[in-house]
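Read off the chains here:
There are 2 protein chains.
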Amino acid sequence: MSASDNSNLPKQNFAPLKNDRLLRALRFETVDTTPVWMMRQAGRYLPEYKATRAEAGDFMSLCKDTARATEVTLQPLRRMDLDAAILFSDILTIPDAMGLGLYFETGEGPKFKYPIRTQADLDRLPTLDVNDSLDYVMRAVTSIRTALNGQVPLFGFSGSPWTLATYMIEGGSSKDYRYTKGFLYSNPEFLHQLLDKIAISVIDYLDAQVVAGAQILQIFDSWGGALGHRQFIEFSHAYNKRIVAELKVRHPDIPVVLFTKGGGLWLETQADSEADALGLDWTMPLDRARQVLTAQHKPLQRKKAVQGNLDPATLYGSPETIRSEVTLMLDRAYACGEKTGYVANLGHGITQWVNPDNAKVFIDAVHDYKL
Amino acid sequence: MSASDNSNLPKQNFAPLKNDRLLRALRFETVDTTPVWMMRQAGRYLPEYKATRAEAGDFMSLCKDTARATEVTLQPLRRMDLDAAILFSDILTIPDAMGLGLYFETGEGPKFKYPIRTQADLDRLPTLDVNDSLDYVMRAVTSIRTALNGQVPLFGFSGSPWTLATYMIEGGSSKDYRYTKGFLYSNPEFLHQLLDKIAISVIDYLDAQVVAGAQILQIFDSWGGALGHRQFIEFSHAYNKRIVAELKVRHPDIPVVLFTKGGGLWLETQADSEADALGLDWTMPLDRARQVLTAQHKPLQRKKAVQGNLDPATLYGSPETIRSEVTLMLDRAYACGEKTGYVANLGHGITQWVNPDNAKVFIDAVHDYKL
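Protein chains in written order, with my numbering: chain E, 1 to 371; chain Z, 1 to 371.
This is chain E alone, in the form it adopts within the complex (with noise of 0.2 Å):
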């Protein structure tokens, strides 16, 4: 069964998009000026954001408070200027759903109680119904575009297969992905078995949100650059691909965004799939990306605008720094003359140091660049 047949959602009657600045820019409209917004812009960087947070407890009870998500989500609108919301939530919500025992312990990024390393673990892994077993997701997707009311389209967003397979792999993060890429050169096929079933979740996942209201779509591929050149077109982009595919189906007018931090090297690769647009980390000059994304067009292709990326370290520096830097950045995105299919954001997460006035400046500074 498909999400968007599944009935025990609300129909809503969601208010008209007054900013849509951003799916302008990604079907290549004019705009009027560059869309922007930050990754995990509802983060820790921000002072109400702590104070929301430690209401809730730990990080995956916030994001199962349907309330104080929705709250979280925004607050970073009501500081700065944004053109996007993004759903607050976690890559991780797949893994965890499947029975995987997702835990934080303090100082240290995510961990599973029950990794993946055998045949055993990966056929004991559910079928989800992402309905059921994460409608915290959609309920939370649902709350916070009816309290949006219209201002900015929100972002529903999942990991990529790879990413989410290094996860359930490795036990949590992981330096040079030891037992994943063990798996990946000795035992592929295990590994596209585990691909496979995370691919169909995330499939039904990013359906399901749609169908709770999410208005534009992205898949993280957080490590996707950790992969070798061939193997990233067999283990990762290909699943992406056939994702971006199948809701392209499912819901044609539904944008895309594809983000593989550290996939500069293979934008022809990436660009070969229905995604709408590609999002860069700060390591590739946007018009070189574009420059790249033009010459690999082809007739009846789905043109592809990019996103990206400013190192997210720049807003460590002063308001004029920031300044000269989204200007040069600017430059680049249109130095091919065609002054949208561009959306601004960080090339990665904003962190947790950041002082929010200089995320202000950022956000402003993109919106006082003249096309």
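Honestly, the hints are just simulated from the structure, not real lab data.
Source: prediction; values computed, not measured.
Among the clues, some could well be false.
Put simply, identical chains are the same to the list, so a pair is met inside one copy or across any two.
27 Å max Cα-Cα, derived DSSO-like pairs, lysine-lysine [stated by the list, open to error]:
no. : residue 1 : residue 2
1   : Lys175    : Lys360
2   : Lys175    : Lys113
3   : Lys111    : Lys64
4   : Lys303    : Lys241
5   : Lys175    : Lys111
Once you've looked at the hints, dock chain Z against the given chain E.
Quick look at chain Z alone, frame taken from chain E:
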């Protein structure tokens, strides 16, 4: 005083080199087969290394123990038909000699007791007399070169200024380079002062290694890939370029390999140096790398060989997998039709979990490949 006129090093009459395959490949001369070595080839994947290390005590004691540092350098050459040896040492010897108090915590990476965070910290950094404070390194080089008896050429090496600066400022390894990038964006002059001091020591350090017996040099820019594209040029490459240029003045016949992990996107930038070869991690296809370098090549400029780039995790695979991955790699390395100018290697150091027999399969597969 340059290290090269330091007369307290004994003038050695080293044995003539029997295997110059690697040096020939770097000069684009014909080779009988592809030269190959492995980064971190003297390491924890070898039981004999672990035994010698246990005798020496901690890691730095092993580096400072001339006989044992020589022993571990030679160990992998007894098992495998390697075409180069590399000095057994650490990239953090320079900051250690500068008084930062290097120590290793079990299960964690290297740490510094006294990180560089203020102008006073920076001003206190001594100008190193490398033959004094790093005399143990030079003794090891001479001892290893003597023990090699001309079997294969000996690599000396250093960390790049940027990579060393990240450790010196963060006080250890880092995920996001919070403090280093904080300086980069808020007080770049401070970072440049530090990089300048480090670069001066790196030049003297590599110079002294050549005088002591190193026949080829490698600069490890392990964290260069963390920088933005413009910042890589200003804060990493500019210093590497200067170091290589100065070494070429002092030792015109000593080849230099520049290895920036995650630097595949910036080969054009890296080509703008007098380095003889560029090292590549596994994200960059070798055929594309050689195409870029050929397109970039200017008359009178030193032609760039390439070194790399098998994913070290490949060695977790079966012998058949290793052999087929090696074949695919070498096919790409020589796709340009030029059967030289290439040194096979891993794209990063061999990991402690590799079966030494699999490392041997890799080395033999490279040599068995028909040019």
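Checked hints:
no.: 1; hint: Lys175 / Lys360; result: between (33 Å within a copy, 25 Å between copies)
no.: 2; hint: Lys175 / Lys113; result: both (19 Å within a copy, 24 Å between copies)
no.: 3; hint: Lys111 / Lys64; result: within (18 Å within a copy, 38 Å between copies)
no.: 4; hint: Lys303 / Lys241; result: within (15 Å within a copy, 39 Å between copies)
no.: 5; hint: Lys175 / Lys111; result: both (14 Å within a copy, 17 Å between copies)
Hint compliance for this structure: no hint is broken.
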